[in-house]
Every structure is written in C-alpha cells, then in structure tokens.
Amino acid sequence: MTDMSAIAPGSEDELAEVVRSATGPLWIKGGGTRGVVSPGTPVTTRGLSGITLYEPGALTLVAAAGTPMAEIETALAAEGQRLPFEPMDHRRLMGTAGDPTLGGVMAGNISGPRRIQSGAARDFALGVRFVDGTGQVIKNGGRVMKNVTGYDLVKLMCGAHGTLGVLTEVALKVLPIPETTQTLLLHGLTPRAAVQAMAAAMGTPYEVSGAAFYDGTVMLRLEGFEASVRYRLKRLQAALARFGADSTLCAGVDQWQAVRDVTAFAGAAGDVWRVSCRPSEGPELAERAGARAVIFDWAGGLLWLLCDAGDDLRARLGPYDGHATRLRFDGGAVPRFQPQAPAIDRLSAGLRQRFDPRGILNAGLMGGHG
Amino acid sequence: MEMPAPDQSVIDRKARIVARLAEVLPKDAVIHEEHETRAYECDALTAYRCPPLAVVLPATTQEVAHIMRICNHEGVPVVPRGSGTSLAGGALPTADCVILGVARMTQVLETDLENRTIRVQAGRTNLSVTGAVEAQGFFYAPDPSSQLACAIAGNIAMNSGGAHCLKYGVTTNNLMGVTVVMANGEVVNLGGAHLDSGGLDLLGLICGSEGQLGIVTEATLRILAKPEGARPVLIGFDDNETAGHCVSDIIKAGVLPVAIEFMDRLCIETSENFAQAGYPMCEALLIVEVEGSDSEIDAQLALIMDIARRHNPVELRESRSEAESTKIWLGRKAAFGAIGQISDYMCLDGTIPVSSLPLVLRRIGEMSQDYGLRVGNVFHAGDGNMHPLILYDANKPGDLERCEAFGADILRLCVEVGGCLTGEHGVGIEKRDLMGVQYGPQDLERQMQIKDVFDPAWLLNAAKVFPLAASDARRMAQGRMQQGAGQ
Chain B
0 MTDMSAIAPG SEDELAEVVR SATGPLWIKG GGTRGVVSPG TPVTTRGLSG ITLYEPGALT
60 LVAAAGTPMA EIETALAAEG QRLPFEPMDH RRLMGTAGDP TLGGVMAGNI SGPRRIQSGA
120 ARDFALGVRF VDGTGQVIKN GGRVMKNVTG YDLVKLMCGA HGTLGVLTEV ALKVLPIPET
180 TQTLLLHGLT PRAAVQAMAA AMGTPYEVSG AAFYDGTVML RLEGFEASVR YRLKRLQAAL
240 ARFGADSTLC AGVDQWQAVR DVTAFAGAAG DVWRVSCRPS EGPELAERAG ARAVIFDWAG
300 GLLWLLCDAG DDLRARLGPY DGHATRLRFD GGAVPRFQPQ APAIDRLSAG LRQRFDPRGI
360 LNAGLMGGHG
Chain U
0 MEMPAPDQSV IDRKARIVAR LAEVLPKDAV IHEEHETRAY ECDALTAYRC PPLAVVLPAT
60 TQEVAHIMRI CNHEGVPVVP RGSGTSLAGG ALPTADCVIL GVARMTQVLE TDLENRTIRV
120 QAGRTNLSVT GAVEAQGFFY APDPSSQLAC AIAGNIAMNS GGAHCLKYGV TTNNLMGVTV
180 VMANGEVVNL GGAHLDSGGL DLLGLICGSE GQLGIVTEAT LRILAKPEGA RPVLIGFDDN
240 ETAGHCVSDI IKAGVLPVAI EFMDRLCIET SENFAQAGYP MCEALLIVEV EGSDSEIDAQ
300 LALIMDIARR HNPVELRESR SEAESTKIWL GRKAAFGAIG QISDYMCLDG TIPVSSLPLV
360 LRRIGEMSQD YGLRVGNVFH AGDGNMHPLI LYDANKPGDL ERCEAFGADI LRLCVEVGGC
420 LTGEHGVGIE KRDLMGVQYG PQDLERQMQI KDVFDPAWLL NAAKVFPLAA SDARRMAQGR
480 MQQGAGQ
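As given, the protein sequences belong to chains B and U, one line each in that order. Here the first sequence stands for residues 0 to 369, numbered as in numbering that gives the first Met the number 0. Here the second sequence stands for residues 0 to 486, numbered as in numbering that gives the first Met the number 0.
Just so you know, not all the hints are guaranteed correct.
These stretches of chain B come out as covered by chain U in the derived footprint (C-beta under 8 angstroms, 3 or more residues) [stated by the list, open to error]: (1) 50-63; (2) 69-77; (3) 85-96; (4) 246-254; (5) 310-318; (6) 330-340.
Quick caveat, the hints were computed from the structure, so don't treat them as lab data. Bear in mind that the values here come from a model prediction, so they are computed numbers and not experimental data. For every residue, glycine included, the Cβ atom is placed at its ideal position computed from N, Cα and C.
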C-alpha cells in the first residue's frame, strides 16, 4: 500500500531538514504494516534503504532504517545467517499490505518466539543513527558486539516507537541458521499443565528455542546440528514424560511462523491484545481475560488474546507483573499502550521533552497526547 | 587525570551532614573518621585516590531512599560503590562526596525457578547469585573475571560482560528488572519477571549508566539451566593474523562457542612462568570452549579442530576431561595476575570489529616500539573485546603519563577501525576525556540531557563518563545552586 501523501526523504540530511522545518506533528512510518496510527503529516523512511555493511565472519550487518526486512533476510540467508530474534510480520493479523522495514521492527522492539532463548530485537541492536525532534542527527553504540561507551540510547530507541527520534540506520548482530529444526508436540494439555510443561522444558539444559501453546497443544522447538537435536529431543521427551501427554514430532517451521505472526487470529472479529507477564501467571490471566481465544508464547510469558471489540482488558486483568498492549482494534477509548506508574511517566515525559521539545514525533503514541 | 575541585561549602558542613545521615541509619553504617574513610579512597584503578567526605552502608532500599533525600537536600554529591572492583575509576570519590556502598545489601529476595528468575539486593556478588541457584541446576550467565568480588550493582552500572558473553550476552541481556532510588529519594520499579517493556526501555537505559541516573538497590535477573558440560580446545599459531582468520572461520561455520579467548606471546610466556599450564611457546593462542553433552561437545570440537587445521596450527590440544579443561584455562585465568607479578600495568578495554584484529594488533606492536612500553594482549576474540595490558613502572617519573598517552592512542585506533572505547569496563574517569573521539558534541549533549531528567542537580557520580569540559556548565550550575541554598 503506497501512501502517496507521505513525505519520503531520500537521505538522512533530507529527513533532518523535514523534521527541522516541520510546523506540526509528524507521523513517522516505516512500511506501515503494523497498523500504528498517529496524527500529523506522514513521513516515511522508505527512501532510506539499503544494506551498507555486512560481515558474516563478524556476525554484523548495518542497514538503513527503511530497508525492507525481506531484503535483509535474503542477504543473510545467502550466507546461512539470520536475525535470531525472529521478528513478527504483522501483515496477516493486521490486514495490512506493504513491506515491513528494519526501522519499524527496531522502533517497535518486535521479537518472536525465539525471544525466550536468544533475546529481543533490542538485544541484537548494536548501534543506531537517528534524527531527533529538533532535526539533529544523533548516533549511539556502534557495530561491535560489546560496547559500554556512554549511555545506551540503542536500547532506549528500540521500543520507543519513533517518539524520541526517527531511526535512519541500525547495526545488528546476526547469527548462523542452525542445521536442523525439530518441534516436540505435547497434545491434550490444559493451559496450567501446558505452562508447567513449558517451564519444565525451559528448565532443562536442552536449549529450547521456542515454547508455545495453542488449542491444547504445546510446541517445543529445538535447533542445532542434526545429531545434537536428535539427542536433546530424546532427553527432553524423557524429562517431560511425567506430564503424561501424547507426543509427536514435527520437522517443519511453518507452525512457528504461525505462532510468530499470530495467524490464528487473522480475519477473526474482535480486538487483539498482547500481554507480557510472568509465565506462571499466564493461565490465570488468560482466565481472567475471558478471551475468545488465547495463544501462549514465550513459555506462557506472552499471551495473545482475542477479545470482544472495545473490551477494556486492563480493567479485567487488574494488577500483575507485566503489561498489556491493545494491538488491533476498531476504535474506542482504550489506549494502545499500558498507562504507566506516575514516576515512570514523568521520566518518560522528561526524555520526550528533551529529545523532541516540540512534541511533534509520533505525538499520539505511548501515552502522548492526541 | 583531573578531577573537579571539591565544593568547600559541602566540606564545611560535614558535621551536620554526618549527623543527619546518622539519624536514619544504624550507628555502624555511617563512616566519617579519616582513618576509616581511607579504605574507600579508590577502586581497582589504584593510580587515583581521594578519601570521601563520608561513607554510608545502607541495608535496605528504604535506607537508600533516606540517604538520597538528605544528600539531595544538602546538595551533597553521591558516588555509588558496588565492591570497588572498577578498573575505570567508576567509584573514585571526590573530597566533597558521600560514598554510598551497597556491600550490606546482599540478600536473595526471591528465587523463582519456574520462571527462571532471581531477585536480589544489588550488593550481592555476581558469583553468589549463581551460588544461590547452583544446587538446583541453574546459573547466572554474565561472568566478569572479578565475579568472586564484584557486585551486581556494579555489573548493572557498567553493563559488565565476561568470557562467556559470546553465547549468553552481557548484563543488559540478562537483566529483567530493577528497583532504583532516584537522586531525590523517590523509589521506582522498572521491568520485572516479564520479558519486555511496556513503555520506553528505561531499564536498558539504567544498565550501563555508571551510577549516574539512580541507585540500583534490587535486581531481577534471568537465570539459565546449567549446560550438561563444557570443554575447551587450545590452538596455537605462529602469528596473530592467522589466529584472527581462524576466529572468523569458526564463527562463520555455525558453531556458537561460549568463549573464544586470545593470548599473545608476552601473555603466554608470562602466565606460563607463573602458572605452568603447559602452554606452547608461540605467537598467538586461542582457547575455544563449547557446551553440551559429551557427544555434542565432541562433535563441535571436531568441527572447530577441522577449521583450525586448515590454518596450520603449531599446537592443537583438545580437552578430554575436567582436569585437562582446568589446565587449559589455568594460564588464561592467571594472565592478569602473572603480568601484575612482573610489572605495573594498565588494562584497556576497547572493542573492534573482529575483522580488524590483525591490523590492530600490528599497529599496537608498532606503537609499543614508539612509546618504549611493552604490551601484552589477552582478550575475548569472539566479540572483538580487546584487553591490551600496557606495562609501566609506577615509580618511574613520567611512566604513568606515557602509559596513559599510549592507552589513549590504542583506544583512538579502536574507534578509527569502527570499534569503541570500552567494551565492558565502562568509561569512569579513565576514558572520560576521550569520549569526544567516539561521539560528536550533539551525541554527548543528548546523553547529558538524559542525566538532566534523572538527576537534575547532577549529584550522582557527576565527574565521570562525560569530558569535564563538556559537563562543566552543568556541574557548576549545581555548585552555584548549593551556594545559593547555603546562604
């Protein structure tokens, strides 16, 4: 879906000028696939595109923020590597078109099932360049694996949804694609038993790289060299025998793409919520939510909930260790992002005020006005 | 290394400040006699010393909050201190400061094996976090070499790494939540036993902020199931360059070792004389360790040795037992101490792209000739985190300064090839005045504005991280404010 009305700067300097000379709010967009809307003139990063450095032997890739994810994934695959944090493709769930971009993935800190083992998008970001709300170009981090030089604005920019600055370039750590992937399926479990089984699996040394539960079935993913995966599968099966579930094996990766992209809720009516919580509290939260359907990812620490349209899930859940994001909805007054404790709100507002004194960058997001 | 002049108006009020602190803390938790404060005059960067005004040793978050409210009200600078193992001068006091030491905050608050987290007071030592869950088969992954002594508080302040972070990441990748006391005494909880942030990633910002944004009093850490086993292989080469290529090939092959350590000839010889690990005398030595079951380890080591053989190693020694593993690691672990036996040294911490390893080692060798100071190289090769050890004589006038100038040149070189000033030790005072090499004025200004938000009066560890010239205006505004308040 090309947005003809969006400003599309062709360089970092042009983008800086657009921000500097802006007279009103700007809605910062990558590929526009995640259904995030903010008031103001749309500005897209798709004119800032291309991989600028890729050193497979150093596990490092640097690319402009508007680079399509498909281009990055293709380049990595050609060298037998990948982005370990397995970013979700929102298009099917959100019913959007267009090309997801690197900047969008990083700005949203978008991480998939492998997050529980490898880490989140923010854990693989080595460096950033961005244009702040005054139109200044700022850099932080670099392209090396370990860097504690000054404050970590790289983490801060990941998940800031473009409210502190517009990402123009990101340096990433990448990893090799393992030789084999196998999934152990445990059938016919209740959510409580499923989360216990997933906790038990994560508590083994067998390096489970995905633990999800949907529709009565637990999925546990093992990756690595063939012989090693075979060995760990056997041990894992033995360790989980006490749950008494029927188990089968599956060699494909499609089911993980379905978990990653929440395709089970694509096209289904209702709001989609994403709840981050302490894994063992997942089943109880899911019950309290009264949702039409639930997908448990991250061993129970990430709940995808399909709820009635307009339902205020946060009110139903009450207080718990975590937060809820209203990801897909048709309107209504319930905010997308979880309201935060007043002290955290003040710190966040202070940061936004310094990075974007005019309050023009994605002003409607993350507790912003509008 | 210059430190700002202390604020005389604070020093003049010492008696009152100490009295106020004594009101909110147990008697033995306030240290102010000169012969006692001297124990806190430096950290592991021992070349710089300055006894603080006073030292406080709180035991709870509440006590920290009381202390911060008093110091904020009195305009007293606060320097947080973990175990004092910083190599960068991160806990170096000023004469007008209160050292806030977390050494009494060592409790485990919650162990949650089901969710693979542990919540501890921040003064607990790194190794004793693992100690608390080891019997149940778990461990805390970041392993700085000072892990026996260093506190989680300091690990968080410096975003510490370790030898095994190639696989497990550094502190920030294993930190899930913190309780932090702000400069004004307010207590804030960030994150928790869940995996991502609901708003701006303030947790990620706190980690590595060198105690400048708040006092971390409690931390929720990710713990992992211990691997079934681990074994290294030792590989010796005739030259550094080949060792560098071998590292790159191992990484490309799809094996993910937990550690790839590198030592050069000076370190090999010195540690061999000291520890007798049976190392071959060669130009470069790699220790590559992998994890898993015995058969998994065998398979991975076989693959690594195949790669190594293509580079004509002069030595290839696979560990087949725990005793052999210990022996292979013995020399590496003894390297710093061994160098310390023969000379004073300064340990650097720059990180470079792995591909630049041969070039950087060659240039360091050339500079060593120019400066007339010897350098040993021992470092985490897998992630390019170098630890050049520059040998000097502390008793020889001018030697320390020459050593520091040499160190600065090495760090400039690291930045020039696409790397950074510090990979895991932090900036502290040591690299403070080099920050302009890596960052432009606008980059540093944005970082300092973050401190403005968290610590508007610039009371927390203020003379660190940023070049004094860059932070002068902010720190001086604070001095003027205090004088105004004192009148």
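So, going through the hints one by one against the coordinates:
1. Using a Cβ-Cβ cut-off of 8 angstroms, 6 residues of the segment 50-63 of chain B lie near chain U, which meets the minimum of three, so the contact claim holds.
2. With 0 residues having a Cβ less than 8 angstroms from any Cβ of chain U, the segment 69-77 of chain B misses the three-residue criterion, and the hint is violated.
3. Counting residues of the segment 85-96 of chain B whose C-beta sits closer than 8 angstroms to any C-beta of chain U gives 0, which falls short of three, so the coverage hint is violated.
4. For the segment 246-254 of chain B, the stated coverage by chain U is violated: 0 residues have a C-beta nearer than 8 angstroms to a C-beta of that chain, whereas at least 3 were required.
5. Check on the segment 310-318 of chain B: 0 of its residues sit with their Cβ under 8 angstroms from a Cβ of chain U, so the three-residue criterion for coverage is violated.
6. Note: the segment 330-340 of chain B has 4 residues with beta-carbon separation from chain U under 8 angstroms; the three-residue rule is met and the coverage holds.
Going through the hint list in order, the structure does not satisfy hints 2, 3, 4, 5.
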